[in-house]
Amino acid sequence: MKYRLSILIALFFWGCEDQLNLQPEQSLPTEEALSNLNGLETAVRGAYSAMRSLGYYGRNFYVIPEAASDNIIISLANSGRFLNENRYNLNEAQTQAGLWNTGYNIIARVNNVLENIDNVDENRADEKNNLRVQAFFIRGLVYFDLARTFCQPWSKGNGSQLGVPIVTQTEIGNPPRNTLAEVYDQIINDLTQSINAYDAITNDDNRWSPPFFASKLAAQALLSRVYLYQGDNANAEAAATAVINSNIQLVSRNSYVSYWNSEVLTDAGIGRFIEDIFVLRVLSVESLGAEDLGLIYMVEGFGDLRPTQDILDLLPTNDVRRGLIQNRSGDDYIYKFPGRTNFPGLTSPRILRLSEIVLNRAEARAKSGDVVGATADLNLIRTRAGLPSFNPSASEILAEVLLERRKELAFEGHRSYDIFRNELNLERIECNLPSGINCTVPFTSHLTAFPIPRSELNANPNMAQTEGY
Amino acid sequence: MKNYFLLILFGVFSVSLSWGQVTVSGRVTDASGQGLQGATVLVKGTTVGMLTNENGEYILDIPATGEIIVFSYVGMKAQDIAINGRETINVQLELDDVSLEEVVVMGYTRTSKQKVISSVAVVGAEKIENVPLPDVNQLIQGQAAGVLSTGGSGQPGSSQSVRIRGTGSINAGRGPLYVIDGVIIETGDFVATGSSDILANLNANDIESVNILKDATAISLYGARGANGVIVINTKRGIEGKTQIQARIQGGFSEANLNGFEMMNAQEFLQYERELMQAAGFSQGEIDLQRPLSLANVDTDWLDLAFNRGQQQMYEFSARGGSKSTRFFVSGNYFLQEGTIALSGFERYSVRTNVDHKAGEKFDISMDVNLSYTDQTNAFSGNSFLSPISGALSNAPWTRYKDPLTGELLVGRTPNDNIEALNFESFLRDNFVRTNQLNTNYSRNFRTLGNITAGYQILDNLRIQQKIAADLINVNEKQQLHPETPDGFRFNGLVSDVFTPSITYTLQTLLTGNFTLGESHNFDGVGGFEFQQNDTERFLAQGQGFADGRLLNLNSSSLPVGVGGSGTSYSFLSYFAQANYNFQNTYYLTASIRRDASSRFGENNRWGTFYSVGGSWRLTEAAFLKNFEALSSLKLRASFGTSGNAEIGNFQSLATYSFGSSYDGQPGSAPTQVPNPDLTWENNESSNIGLDFGFFNERLTGTAEVYRRTSRDMLLNRPLSATSGFTSVLRNLGDMKNEGIELTVNAKPFAGRRFNWDIDFNISFNRNEILSLADTTEIPNGIQVWRVGEPIRSWFLPQWAGVNPADGTPLWADGEGGVTGTWEDAPDQIVGNAEPDFIVGLTNTLTFNRLSLSFFFYAVQGHEVYDVTRFFIDSDGANFGENRPVYAADRWRQPGDVAERPQALVGGNNNGNNNSTRYLFDGSYIRLRNVVLGYVLPTSWTKTLSLSNIRVYAQGQNVLTITDYPGWDPELAEAGTEFFRYPSSRSYTFGIDVGF
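Going down the list, the sequences are from chains A and B. Last residue of the first sequence: number 469 in the numbering used here, and the count goes up by one each step with no gaps. Last residue of the second sequence: number 996 in the numbering used here, and the count goes up by one each step with no gaps.
In short, the hints are calculated from the structure, not lab data. Be a bit skeptical, because a hint or two may be false.
As the list claims (entries may be wrong) - Quick list of the computed label-pair ranges, beta carbon to beta carbon:
| # | chain 1 | residue 1 | chain 2 | residue 2 | range |
| --- | --- | --- | --- | --- | --- |
| 1 | B | Asn717 | A | Phe443 | 49 to 59 angstroms |
| 2 | A | Asp332 | B | Pro292 | 16 to 26 angstroms |
| 3 | A | Asp267 | B | Ser558 | 26 to 36 angstroms |
| 4 | B | Asn297 | A | Asp332 | 20 to 30 angstroms |
| 5 | B | Asp304 | A | Asp267 | 30 to 40 angstroms |
| 6 | A | Gln169 | B | Pro827 | 35 to 45 angstroms |
| 7 | B | Pro827 | A | Asn206 | 55 to 65 angstroms |
| 8 | A | Glu31 | B | Val563 | 22 to 32 angstroms |
Said to hold, decoys possible - Residues on chain A that point at chain B, a partial pick, calculated with CB under 8 angstroms:
| # | residue |
| --- | --- |
| 9 | Thr42 |
| 10 | Gly80 |
| 11 | Asn89 |
| 12 | Asn91 |
| 13 | Asn105 |
| 14 | Gly173 |
| 15 | Asn174 |
What the hints assert, rightly or not - Derived, one-sided and incomplete: chain B residues facing chain A with beta-carbon distance under 7 angstroms:
| # | residue |
| --- | --- |
| 16 | Asn492 |
| 17 | Val561 |
| 18 | Gly564 |
| 19 | Ala597 |
| 20 | Tyr663 |
| 21 | Pro719 |
| 22 | Gly725 |
Yeah, the Cβ is synthetic: ideal placement off N, Cα and C, and Gly gets one too.
Start from the sequences, fold in the hints, and give me the full structure.
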């Protein structure tokens, strides 16, 4: 008995030590995860998936420029969402920390990919270049979104004002803020590299297809907006022209409402997507539940964010865009993001579409004195909407282009940027706010940029806060 | 007395009255002279005997052959006494050193109370039995010095947190290790949604004792897992003798503890909203349009609708007995606690078998099996739209919940405040009365806890023991959103199933021995090896689109929306030894060592060594104290040692890419954490000095202890600049200490034949202080801060400075002695903390003949708590359209008013409801936690029913709470914040215990 027991016990001792090297079941060590092309492609999709975060294009970043503008009034009874932004009640504790953290997290994901592309042995230049198209585009877009959120508009310092830290390598450090000019150089450089990589691909099958992935067109389209924000009208016009002259087409008036009711719209005749240049895809299984984008506007959701009377007045019933506003029980609600069957409000946000690029060029032309060119672009959008074309004077053209831009791109995350980058004041006629709160925000205010989040200031001793906060 | 050692031998009555028979009577008492009820009095060599009555008295007819009477009682030394013609024999029984009563079980080892050097708090079965709460963590609240047990939710079965001697960690686990019958078991929460404590699967009536190990000599033997203390639970085992069978029945009800809280009625709320529109400058026309006076025609009390009376039930049957070679304990129990929110509750079915068998002289084997199944139905809580708590605190009283004519339950309101709308387009402002009945949210835990132990006596004083144990947990959760409810409508019904199986197995080998050198030098010791591995998997599936709301299972789903699975595991490999020495049973020394390795830690730091040393001196044995008559025992103890805290997540040391994300229907990956190959356990150093004393022949006993425990290399989420892509990294940084004093006193002011008074008292003081945070001195943590020199959970908030009497706007301290009207300009300051200064437990038990009354007070004092709910409900007009508590009407109205609340305006008043000390309150409370009135039926009645013992009782739980806290209930989870919380309940139950 004694010996049998001892043998049993001895058996237990052996084999236990190996059991201490357990490996996780749903993750891989970093070096293994990025050791081959397939791993890198997966990592790029991981960067796209992070763009769906609630704090970024999932909703908040797409909604805040509207909630903090003259397009939106928050209903009296509300769920408390976007009140601080609407009131310009901005401080270190109440800021777009979600965008800051997510943005740099995406940059880290992309940097990891870019650092490892050349380490992969596989001799597949096309696939590697495709990854560069995606990665550089994503990084350029994220830096642009960070810059326009956390930095004062370009014209307040012509680039010499504080930008955001530029991080292009995987590192754990405490970088200080670069200047805004340096950040814009980085953005333009990234987008240019994306275009160059696209051109270097020999077989078109190796390109991930738009509009759910980046393409040369997407990089050019974004460049036109970046140059516009920077006041570089010539380059903005050139980049926009490259997009407009490609084979992509504007959505027609007849299809306009169904375009907004669809994730993307295909032209049956040419078998291609129309209008959309870059759309961030959100599948039904990726729903954020009650926080899905459209629900903040719709009756079926919160219905908190309603169109202001002045934007309603700008959209007469003969304007096709009025079809995106619906009246329910006497109140008007925004149905630009109605979602899909069984998923009201679940939206793949449109980030770059052709109408914007046309308006970018109109604005660039108006600003550089090309009234004829600007008017042609402007009337393209006006007539598509069902409005008569007209010929504004040289003194009116810029205002008309900006007005048309407000109507066309309403609720798509442009409005407050468009006001402040044009050195205009935000003036709200009605705002449902307690008296004494910022119904009007002058261009000169520090509130035209969001403060750097307190969590970053606490963690990073080299981080400077924007003046005024 | 807790053990009804039933040996009523009815044979006594059938013995014929023969000539020469003698009657002997007398009384059996313990060392303090208190009568022992249920002691066995048996004439040796016969079947003649009886049990003593409640005063310890007996009368026995001695047959002619009888010469010796045997007096025995569990935990006491049996005595054989020759009759020698006497008619009265009074016996005082002495405690037995190795008996059940005196043994202190410490997991791997057991020792006697006399020998113990460690700091161990013992909670006996009598404190736990029949208390109508599901979780043993709730039952030990206030019963042991140095133990803080709190529950954050009144949801029956939800997680409890237990802290022993303060909070020992910031980012790693803070709860103790649990050991049941010698085996480390899984604890905590295994559910994906809601909160459920796996320990609630244990039937507390099966527990013999709960021993809480607090100091180094006790916890070091648990090495890398012992730092937060160890709770050793021992279940009842068989006792040699006639089988003792018992049935218990209990029933009652519970109600929510709302502390007199009231919401506005329709009239009050309408007036409030009209006034705040007026104050914000709306025209009279707009006011009459938005808030017409006719609204007040409907008045629904949503708070009343949210809560109801819950039922309590318990049925139990158990048997306990055995022979010389085989002993057993078996029990079966059903327990039900309905929640105070409709349709929430907790049910448990459990059975246990503990068998011990001696096969011959040297070999023994035992097996314990506990099967349990719990069904916990959760209320949707928090501020989700379908939560009854959120609804009760926000639904406007002028909305109806049912059609006044047909009685049909209405659905909810549209966002534009259509008051009686019958559609459910919006998920806002749900009618929870209706939704609650249609939706389901439950977790069902099935747990098998078993071990088999084989022991072999190699030599007379050397024993080897092998234990194999398994802890199998299967958790099945379901959440159903009915297609005809506002939340489910969007998906045409949504069903989520989550299945979590977890298996832990343990191999444990122990070698125990003892020897004596000469007459005075006694040695004993234990050496052991242990391996434990856990594998937990999780599978979840979600479907939507249901044709019929009655068919809410995944098969009927038209669209599967999510399938996911994950798995995780950990393992520990340990070697340990402990040696004890004593000199003449007066001076005691102990030393232990343990080496541990875990898969959780980085390769560079996988193995760790922990040790402890301790000693004690029984001063009563010393000559200079022999003359103090009043002093019956005195022992001084001291210990020092180390232990570790390994409770971090699994795989935290690796740099990993995880594959949980996707884009465009294809898998995506992302870096999940910063690598840390040096990651290791937190080290804990603890020192303890204790004094055990007994006076007046042990009628006044107690323990006083002082301790210090220092956590070093504390695992801390060090914030990183987000520009790295991460916001924090887990590092071994930081030191923290807890220091405290504990006092436990047991007194018997009266111990008479008829009247007894027993007092149990404990008080513990703990001071927590962060000593170092590596390269920084302060890490903000929401509205709290970790700062060197301050306790963990220090509140870090702007100081509220009241209301400006001139214009009714809020004011805060500007940090420079003045006030500011701008919240941004008010600096965060440390304004208190959520760690209690001291906790007290006091139990008084009064026994008069068969009647007994006990009441147990529990007090937690000197901490601050924060009510986040008030951000919504006490918000000066923000959250327009949502109802308010009655107190919100008391506010600034006109210049000159000195008011507690700012002027109420649509949209709120100048950030007045932002975080500040406005919502920080003193969380101290004293609570009558438990009161029991019991009556033991007279023996004559019981005998008529052929039963041995019947006790009936009435019991109240949480019947009285004294507090300044203005919220629902001051007992909060350890973080000290209140947020749309399921309040705790007050219950009244009635029960009967029957012994067969």
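Quick rundown of the hints versus the structure:
Taken as a hint, the range 49 to 59 angstroms is violated for the pair Asn717 of chain B and Phe443 of chain A, whose Cβ atoms sit roughly 40 angstroms apart. Between Asp332 of chain A and Pro292 of chain B the CB atoms are about 22 angstroms apart, so this pair conforms to the stated range of 16 to 26 angstroms. As the Cβ distance of Asp267 of chain A to Ser558 of chain B is approximately 31 angstroms, the hint placing it in 26 to 36 angstroms holds. A hinted range of 20 to 30 angstroms for the beta carbons of Asn297 of chain B and Asp332 of chain A is consistent with their spacing of about 29 angstroms.
For the pair Asp304 of chain B and Asp267 of chain A, the supplied restraint of 30 to 40 angstroms is violated, since their beta-carbon distance comes to about 60 angstroms. As the Cβ distance of Gln169 of chain A to Pro827 of chain B is approximately 37 angstroms, the hint placing it in 35 to 45 angstroms holds. For the pair Pro827 of chain B and Asn206 of chain A, the supplied restraint of 55 to 65 angstroms holds, since their beta-carbon distance comes to about 57 angstroms. Judged by the Cβ atoms, the range 22 to 32 angstroms given for Glu31 of chain A and Val563 of chain B holds: they are separated by roughly 30 angstroms.
Residue-level restraint check for Thr42 of chain A holds (minimum Cβ-Cβ distance to chain B is 5 angstroms; threshold 8 angstroms). At a threshold of 8 angstroms, the smallest CB-CB gap from Gly80 of chain A to chain B is about 6 angstroms, leaving the interface hint in force. Nearest Cβ of chain B to the Cβ of Asn89 of chain A: about 7 angstroms, under the 8 angstroms cut. The hint holds. With a least beta-carbon distance of about 4 angstroms to chain B, the hint placing Asn91 of chain A at the interface is held under the 8 angstroms criterion.
At about 5 angstroms, the closest approach between the beta carbon of Asn105 of chain A and any beta carbon in chain B falls short of 8 angstroms, and the interface hint on this residue holds. Annotation: Gly173 of chain A was flagged as interfacial toward chain B, and the flag holds, the nearest CB pair being 7 angstroms apart, inside 8 angstroms. Residue-level restraint check for Asn174 of chain A holds (minimum Cβ-Cβ distance to chain B is 5 angstroms; threshold 8 angstroms). For Asn492 of chain B, the interface hint holds, the least distance from its beta-carbon to any beta-carbon of chain A being 6 angstroms, beneath 7 angstroms.
Interface hint status for Val561 of chain B: upheld, as the beta-carbon distance to the closest one in chain A is roughly 5 angstroms, under 7 angstroms. Given the 7 angstroms rule on beta carbons, the hint for Gly564 of chain B is violated: about 9 angstroms separates it from the nearest Cβ of chain A. A least Cβ separation of about 5 angstroms between Ala597 of chain B and chain A falls short of the 7 angstroms threshold, and the interface hint therefore holds. Interface hint status for Tyr663 of chain B: upheld, as the beta-carbon distance to the closest one in chain A is roughly 4 angstroms, under 7 angstroms.
The beta carbon of Pro719 of chain B comes within 4 angstroms of a beta carbon in chain A, closer than 7 angstroms, and the hint placing it at the interface holds. About 2 angstroms separates the beta-carbon of Gly725 of chain B from the nearest beta-carbon of chain A, less than 7 angstroms, and the hint is met.
The structure is inconsistent with the numbered hints 1, 5, 18, although it conforms to all the rest.
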